[in-house]
Structure formats: structure tokens, C-alpha cells
Amino acid sequence: MKQLIYLDNAATTQTRPEVVEAMLPYFTEYYGNPSSVYEFSGISKKAVSGARETIANALGAKANEIYFTAGGSESDNWALIATAEAYANKGKHIITSKIEHHAVLHTGEYLEKQGFEVTYLNVDENGVIKLEDLKKAIRPDTILISIMFANNEIGTIEPIKEIGEIAKEHGILFHTDAVQAFGHVPINVDEFHIDMLSASGHKINGPKGIGFLYIRSGIKSRSFIHGGAQERKRRAGTENVPGIVGFGKATELAVAGMEDRANKESELRNYLMDRVMAEVPFTRINGHRKNRLSNNVNFAFQFIEGESLLIMLDMKGICGSSGSACTSGSLDPSHVLLSIGLPHEIAHGSLRLTLDERNTKEEMDYVVESIKEIVEKLRSMSPLYEDYIRHQAK
Amino acid sequence: MYTEKVMDHFEHPRNVGEIDNPSGMGTVGNAKCGDIMRIYLDIDENQIIRDVKFKTFGCGAAVATSSMATEMVKGKTVQEAMAVTNMAVCEALDGLPPVKVHCSLLAEEAIHAALWDYAKKNGLEIEGLKKPKSDIGEEEVEEEY
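So the protein lines, in turn, are chains E and G.
By the numbering used here, the letter at position 150 of the first sequence is numbered 183, and the numbering carries on one by one without gaps.
By the numbering used here, the letter at position 111 of the second sequence is numbered 1183, and the numbering carries on one by one without gaps.
Only chain E is shown next, with the shape it has when bound in the complex:
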């Protein structure tokens, strides 16, 4: 294969060799079921407890508040549906935002069909929740606020602590989808007044197919997957022991290297962002300029369409993603880009690049040169650009 420059770390990350190494014994050597009584399976049970402890420590939580799941989507589904069911007698109103991941949005739509009311808050042009809007949306029958920690497309980090305080003041549960934030930014569930939090292993160089839901002690929650007594009877199914061990190891590495990694990534990201903005005309940055994930940049290139751009980048060995309709499987471009007020034709021309600390400046230079060449080529083919130039000439 040709040279590969992987800039889609918000989609998934490489599983670190150290993580794989930590997992391997739990496939072939210590394959016992943690629920069994014999000593052999005690090794698996201990490994699961250790990972749970590591993850709990990363959040300032207690180990018995961490429930392993099959990933971020399951955690989001569980948090919303179980809370709605458990607290339905208190009220049937839920508040979330328009820029949530579909795992939250589509679950919200599902709950609406079940008789719940869901308010989807608008965001400002940077993708930030307006706290005043949140306060106004709160009703006596509001049972849950679910706002993502950081947005997966534009990287904007939400004012989670302020949202948590508002929720606490009103006695409303607060869930946050932290799939993009866990292991990337410091999180303390007590400091931020978070009652539930979703995260996923493969976004932090851990394995795919493993996630967790943090549920604060004392919160009523129902079992989402019915069956055995695993996860303190709240999530049935034999534990994904290698996955859990890998997630624990990935968390350990992510937390230990967090600051250093964020500095490296943001330096590299800023270099890329500044060069593109200086050298490619008719380009904008989507998302908050400061309060954003350190490895995320989201461009909108006017007059061109994102899928074409992605295919041409792929031909040059560069992996990125776009919010264009063509990549989303529907006719509409990304709901996030529309929510921050981008017109359709500009939303179609978006490009998200999400870096890893191991990317290099040389790679960024190659990416900038490639983007310049491709954007120019696509603009030379674009009737929108032609119209714009004609209009300017008049």
C-alpha cells in the first residue's frame, strides 16, 4: 500500500501495541468466564476489576459506578431509555441538543414515539449550547438533560460544568456523551456534576466493541440488556474480558499522556489550520476556535463538494471525513453543520481532519499541498465557482 496519512482519529484510532499486548493473554491463556467459581476464572475477574478501577479513577468516580457496554452507542441508548423509563412517573420531558451524535438524537426520536417529549436545543455559530436557552427549556416535568461533552464533527467542547450546575440546581439528571472527550480532556464527574457519562474504547487507542456507561450511585436505572447478573445485574452478558482489559490499558495510557499529547496535537493542528487558512481562499473553520478538541480541525471549502474532495485525498493516501450529504447516506449534509448556521452548499464542502500525536509536520505540509491542488481542481470544475467569478467580473 502507498503511504498512508491517517487523519480520521475521531472515527476510530489505531489500537496501541501496548494495548494489544495487555489483551492477548485474556484470549488464549486466561479465557475463563469471570462469573465462574473456580480459581482459574478469578484471574479474568480480577482483570475486569482492575480495568474498572483504572477507568473510575480517570473520572474521579467509584469503581462500582462504571458499567461496561459494547460501545458508545449502547451507552447512549441505555442512559436515555433507562432513565426515561425509570423516571417516567416524575415527568416525561428530556432536553438535549441539535448537534448530538445520532446515538442520542435517534434515541430521542424513539422516546418521542413512546410518549416522551424531547427539546432539541439550538447552538450558536460555534456549536456551543446557550445556557440561557437551556434554563428556559427546563420544565417541572424535565427528568434528564443530555448534552455531549465535545462534538464529534466540529470538535467544540461544551460548557459541561455550567450545564451540570444548572441540572443540579433544578434536580434534573445530567448525562453527557463523552465519546470524543474521555481520555482527551480532563473530566471529573463530581466537579462537573455529571450523573451519567458514555465513553468508548476505540476512540482512545483501545479496542473496538467496548465502552462504558458511568452511572452515579443512587440513580435509578433499569437493565437494558436482560439476562445474567453481570455488571451488578444492570447489564447482562458475559464480560468482554480482553476488550475491558484493553480499554483499561488505553485509559491508563491516555490519562498519563493527556497533557503532553494535547500540546503536541494542538501545535500540529494549528500549523495545519493556519497554513490552509492562509493559502486556500474562500475557506472557513467550523467549530469554536479555542474551546475545541486539540486534534480536531473542520474546514468548509466554498464551491466544492466534500465527497469528491475525500476521494481525491484518498488517492493521495490521506484519510479524512466530510459532513457532505454524499458521505452521510442521505440527501442532507451534516445536521451539525446546518445547526451552526452553514448554508447547504457550504456544509457540503466540509472536511474534518482529526490528528494523532504521532503525525508529523512533514505530513501536514503534504496534506496542505494536496488540499490546495485538489480544491483548485474541483473549483475549476464547479459551476458555483464559475458563477461567482462571473459575478465578481461584472
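Worth flagging that the hints you see were computed from the coordinates, not collected in a lab.
Note that CB positions come from ideal geometry on N, CA and C, so glycine has one too.
Take these hints with a grain of salt, some might be off.
[Stated by the list, open to error] Selected chain E positions facing chain G (Cβ under 7 angstroms, derived; list incomplete):
#	residue
1	Thr-61
2	Ser-357
3	His-377
4	Pro-416
5	Glu-419
[As the list claims (entries may be wrong)] Listed below are the simulated BS3-like cross-link pairs for lysine-lysine, each with C-alpha atoms no more than 27 angstroms apart in a straight line:
#	chain 1	residue 1	chain 2	residue 2
6	E	Lys-266	E	Lys-123
7	E	Lys-253	E	Lys-146
8	E	Lys-410	G	Lys-1202
9	G	Lys-1125	E	Lys-427
10	E	Lys-125	E	Lys-169
11	G	Lys-1077	E	Lys-410
12	E	Lys-410	E	Lys-349
13	G	Lys-1193	G	Lys-1146
14	G	Lys-1192	G	Lys-1148
15	E	Lys-79	E	Lys-131
16	E	Lys-405	G	Lys-1125
17	G	Lys-1193	E	Lys-427
18	E	Lys-297	E	Lys-241
19	G	Lys-1146	E	Lys-410
20	G	Lys-1192	E	Lys-405
21	G	Lys-1146	G	Lys-1192
22	G	Lys-1148	G	Lys-1202
23	E	Lys-194	E	Lys-169
24	E	Lys-201	E	Lys-168
25	G	Lys-1077	E	Lys-349
26	G	Lys-1125	G	Lys-1192
27	E	Lys-163	E	Lys-125
28	G	Lys-1077	E	Lys-405
29	E	Lys-95	E	Lys-241
30	E	Lys-168	E	Lys-253
31	G	Lys-1146	G	Lys-1203
32	E	Lys-169	E	Lys-131
33	G	Lys-1193	G	Lys-1205
34	E	Lys-131	G	Lys-1104
35	E	Lys-78	E	Lys-95
36	E	Lys-349	E	Lys-405
37	G	Lys-1202	G	Lys-1146
38	G	Lys-1125	E	Lys-410
Given the coordinates of chain E, assemble chain G onto it according to the supplied hints.
Only chain G this time, still in chain E's reference frame:
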């Protein structure tokens, strides 16, 4: 996702550009659904398409279908060009993913729109040619995923 032919036409699109004082020009699609196609035709006195150029804002399939459609009408009579349907363009590209078939419809529409412009300018009637829809995107029913 795409066939080799689609990728070839995407990577090396044929007939990209503009024609000064074209015999006919048509633009279809809309920015909302992310595809806009513009076709320029240069047609001689015998109603033969001497030259054709296109510009497209859209995905890989949109670019490839534009390119293929221009190849298929070049050198043809106006009447022969009418026979270049979206299905014919699709087949010539060895097929498109189902979600992209609307792109080939856009190519057919763009050619029809340019022919309509040519017919109108010259007071002609072309058999089977209907007034183009300015915006075919609105006709589409959104699929559930």
C-alpha cells in the same frame, strides 16, 4: 464503492470546461442536495453536437456521470442525444451505488436543459424534449436509513 469506470471518469473527467457563446446551455440540480450540473453545447447547422463541455459541483458519481454523458452525446445528432438516458449513462459506467443513481438522472436532465435552451434560441422543436425541471432535487423522496 465505485466501479473502475466511475473512478476513471472521476479522476480524469472528459470535457470539463466552458464554451463561449454556446448553442445551448443548461444548469440543473441544487446546492441543497449537493449536486449542480451545467452543460454547454456547440451544435452545428446539421444539428450535430460538435462540442460539449460540463461543470459539476457534486460527489464522485456526479462528476463521473457528467463526464460520461458528455462523451456519449459528443458527435451525435440532437435526436441521438435524446436517447442518452440516465440508465444508458449508468450502464456505460458499469453501474452506480443505489444511493447515487439520482446523479445519473441529473446528467440526463442537464443535457435536456441545454437542448431545450438550444431549441428555444432557434425556434425549434425536438421530439420528446420537455421543458426541463429547474430543480430535480425537490422531486426526490428522502429515503429512510
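Restraint check for Lys-349/E with Lys-405/E, where alpha carbons must lie at most 27 angstroms apart: The hint holds at about 13 angstroms.
Distance restraint between Lys-1077/G and Lys-349/E, which requires alpha-carbon spacing of 27 angstroms or less: holds, 19 angstroms
Agreement of Lys-1193/G and Lys-427/E with the hint, judged by alpha carbon distance not exceeding 27 angstroms: holds, 24 angstroms
Pairwise hint evaluation, Lys-241/E against Lys-95/E, where the allowed Cα distance is 27 angstroms at most: holds, 24 angstroms
27 angstroms Cα cutoff - pair Lys-253/E, Lys-146/E: holds, 22 angstroms
Agreement of Lys-1146/G and Lys-410/E with the hint, judged by alpha carbon distance not exceeding 27 angstroms: Answer holds: Lys-1146/G to Lys-410/E is near 23 angstroms, not above 27 angstroms.
Pairwise hint evaluation, Lys-1146/G against Lys-1193/G, where the allowed Cα distance is 27 angstroms at most: holds, 20 angstroms
Hint consistency between Lys-78/E and Lys-95/E [alpha-carbon to alpha-carbon, up to 27 angstroms]: holds, 17 angstroms
Hint consistency between Lys-194/E and Lys-169/E [alpha-carbon to alpha-carbon, up to 27 angstroms]: OK: Lys-194/E and Lys-169/E at ~18 angstroms, within 27 angstroms.
Agreement of Lys-125/E and Lys-169/E with the hint, judged by alpha carbon distance not exceeding 27 angstroms: Within the cut-off at roughly 17 angstroms; holds.
Hinted pair Lys-168/E and Lys-253/E, Cα distance within 27 angstroms: holds, 24 angstroms
Restraint check for Lys-1193/G with Lys-1205/G, where alpha carbons must lie at most 27 angstroms apart: holds, 18 angstroms
Hint compliance for this structure: hints 1, 8, 15 and 20 are not met, and every other hint is.
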